[in-house]
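Colleague: Input sequences plus hints: build the corresponding full structure.
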Amino acid sequence: MEKNKLITKAFKIIEKRGWDKFTLAELALEEKISLLNLKKVFNSKNSVLVHFSKMIDNRVEETIDIEDLKNSSVKDNIFELFMIRFEAMLPYRKTLKEIFKSKKLDPIILKEISKNILNSLDFYLEISNAYSDNYFDFIKKNVTFLIYGYVFKEWLNDDTEDLSKTMSKLDNVLTYSEKMLNKINSLLAV
197 MEKNKLITKA
207 FKIIEKRGWD
217 KFTLAELALE
227 EKISLLNLKK
237 VFNSKNSVLV
247 HFSKMIDNRV
257 EETIDIEDLK
267 NSSVKDNIFE
277 LFMIRFEAML
287 PYRKTLKEIF
297 KSKKLDPIIL
307 KEISKNILNS
317 LDFYLEISNA
327 YSDNYFDFIK
337 KNVTFLIYGY
347 VFKEWLNDDT
357 EDLSKTMSKL
367 DNVLTYSEKM
377 LNKINSLLAV
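If you read the sequence shown in our numbering, its first letter stands for residue 197, the second for the next number, and so on.
Check each hint, because a few of them may be wrong.
Computed cross-link-like contacts, DSS-like style, restricted to lysine-lysine with a CA-CA straight-line distance of at most 25 Å [claimed, not checked]:
hint	residue 1	residue 2
1	Lys-299	Lys-212
2	Lys-212	Lys-201
3	Lys-201	Lys-293
4	Lys-311	Lys-300
5	Lys-217	Lys-293
6	Lys-205	Lys-307
7	Lys-336	Lys-311
8	Lys-266	Lys-201
9	Lys-299	Lys-336
10	Lys-235	Lys-271
11	Lys-337	Lys-361
12	Lys-250	Lys-290
13	Lys-297	Lys-311
14	Lys-236	Lys-217
15	Lys-307	Lys-349
16	Lys-250	Lys-336
17	Lys-336	Lys-375
18	Lys-336	Lys-271
19	Lys-349	Lys-365
20	Lys-205	Lys-300
21	Lys-199	Lys-290
22	Lys-236	Lys-337
23	Lys-205	Lys-236
24	Lys-311	Lys-241
25	Lys-199	Lys-217
26	Lys-290	Lys-205
27	Lys-241	Lys-300
28	Lys-271	Lys-349
29	Lys-297	Lys-201
30	Lys-337	Lys-307
31	Lys-299	Lys-217
32	Lys-250	Lys-271
33	Lys-199	Lys-241
Per label pair, the in silico range of CB-to-CB distance [to be verified]:
hint	residue 1	residue 2	range
34	Lys-361	Asp-264	21 to 29 Å
35	Met-376	Asn-200	33 to 41 Å
36	Thr-259	Lys-235	28 to 36 Å
Bear in mind the hints are in silico, worked out from the structure with no lab data behind them. For every residue, glycine included, the Cβ atom is placed at its ideal position computed from N, Cα and C.
Modeller: Dropping the structure here:
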């Protein structure tokens with residue numbers, strides 16, 4: 197049983213039936229495996245989402261070239277990493293819309309997914325050389341998470357073929373954040 201294949205199949209079922217009606221039993225039946233064997237991969241239907249997020253992380257990490265990031269600005273690197281992530285999720289966007297429309301989305305699973313995304317964003321900041329060993333470094337990850345969430349909502353509804361609405365929103369927010377960070381840094385230098 198390949199986990200990524202199971203995640204993709206689960207997302208196809210969710211796209212058709214919705215998150216609320218999706219069950220691991222249905223996934224097991226579709227894949228012709230026992231529910232007990234499937235339970236070894238996903239301990240609950242919520243864990244499908246956590247594993248999806250990790251699968252996307254792996255795809256981003258396979259795509260990036262850390263050497264290329266050394267020659268670009270922090271803003272450009274964060275922009276690039278976010279867009280790689282959004283492009284990796286593109287085949288699943290319809291399903292993600294279904295999931296986030298659900299009234300039964302468990303706050304605990306949102307916390308788990310958020311934790312995973314925060315860890316990914318921390319990695320993005322680190323490889324982008326965003327940390328500068330000052331008092332406000334601890335805020336950067338949380339602000340980056342807020343930016344990600346804000347732009348994610350735009351991405352979910354971006355009907356342009358080239359994701360230009362998403363890119364525009366991301367560029368605007370990152371530019372504003374960069375200006376604010378520069379102001380904070382100049383205040384700290386005083």
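Colleague: Next, verify each hint and record whether it holds.
Modeller: Hint by hint, here is what the structure shows:
1. Lys-299 / Lys-212: Between Lys-299 and Lys-212 the Cα gap is close to 17 Å, so the pair holds against 25 Å.
2. Lys-212 / Lys-201: holds, 17 Å
3. Lys-201 / Lys-293: holds, 20 Å
4. Lys-311 / Lys-300: Holds: Lys-311 and Lys-300 sit about 20 Å apart, inside 25 Å.
5. Lys-217 / Lys-293: Measuring from Cα to Cα gives roughly 15 Å; hence the hint holds.
6. Lys-205 / Lys-307: holds, 24 Å
7. Lys-336 / Lys-311: OK: Lys-336 and Lys-311 at ~15 Å, within 25 Å.
8. Lys-266 / Lys-201: At roughly 34 Å apart (the allowed maximum being 25 Å), Lys-201 and Lys-266 break the hint.
9. Lys-299 / Lys-336: violated, 31 Å
10. Lys-235 / Lys-271: violated, 41 Å
11. Lys-337 / Lys-361: Holds, because 24 Å separates the two Cα atoms, which is no more than 25 Å.
12. Lys-250 / Lys-290: Holds: Lys-250 and Lys-290 sit about 19 Å apart, inside 25 Å.
13. Lys-297 / Lys-311: holds, 21 Å
14. Lys-236 / Lys-217: holds, 21 Å
15. Lys-307 / Lys-349: Holds - the C-alpha atoms of Lys-349 and Lys-307 are around 17 Å apart, at most 25 Å.
16. Lys-250 / Lys-336: holds, 22 Å
17. Lys-336 / Lys-375: Distance of about 13 Å is within 25 Å: holds.
18. Lys-336 / Lys-271: With a Cα-Cα distance of about 12 Å, the restraint between Lys-336 and Lys-271 holds, given a limit of 25 Å.
19. Lys-349 / Lys-365: holds, 10 Å
20. Lys-205 / Lys-300: holds, 21 Å
21. Lys-199 / Lys-290: Satisfied, since the Cα-Cα distance of roughly 20 Å is no more than 25 Å.
22. Lys-236 / Lys-337: Not OK: Lys-236 and Lys-337 at ~33 Å, beyond 25 Å, violated.
23. Lys-205 / Lys-236: holds, 16 Å
24. Lys-311 / Lys-241: holds, 18 Å
25. Lys-199 / Lys-217: holds, 21 Å
26. Lys-290 / Lys-205: holds, 14 Å
27. Lys-241 / Lys-300: holds, 12 Å
28. Lys-271 / Lys-349: holds, 20 Å
29. Lys-297 / Lys-201: holds, 24 Å
30. Lys-337 / Lys-307: With Cα atoms ~16 Å apart, Lys-337 and Lys-307 stay inside 25 Å; holds.
31. Lys-299 / Lys-217: holds, 12 Å
32. Lys-250 / Lys-271: At roughly 24 Å apart (the allowed maximum being 25 Å), Lys-271 and Lys-250 satisfy the hint.
33. Lys-199 / Lys-241: Within the cut-off at roughly 13 Å; holds.
34. Lys-361 / Asp-264: 21 to 29 Å: Since Lys-361 and Asp-264 have Cβ atoms about 25 Å apart, the given range 21 to 29 Å holds.
35. Met-376 / Asn-200: 33 to 41 Å: The hint (33 to 41 Å, Cβ to Cβ) holds, given that Met-376 and Asn-200 are roughly 38 Å apart.
36. Thr-259 / Lys-235: 28 to 36 Å: Roughly 31 Å apart at Cβ, these two residues keep to the hinted range, so it holds.
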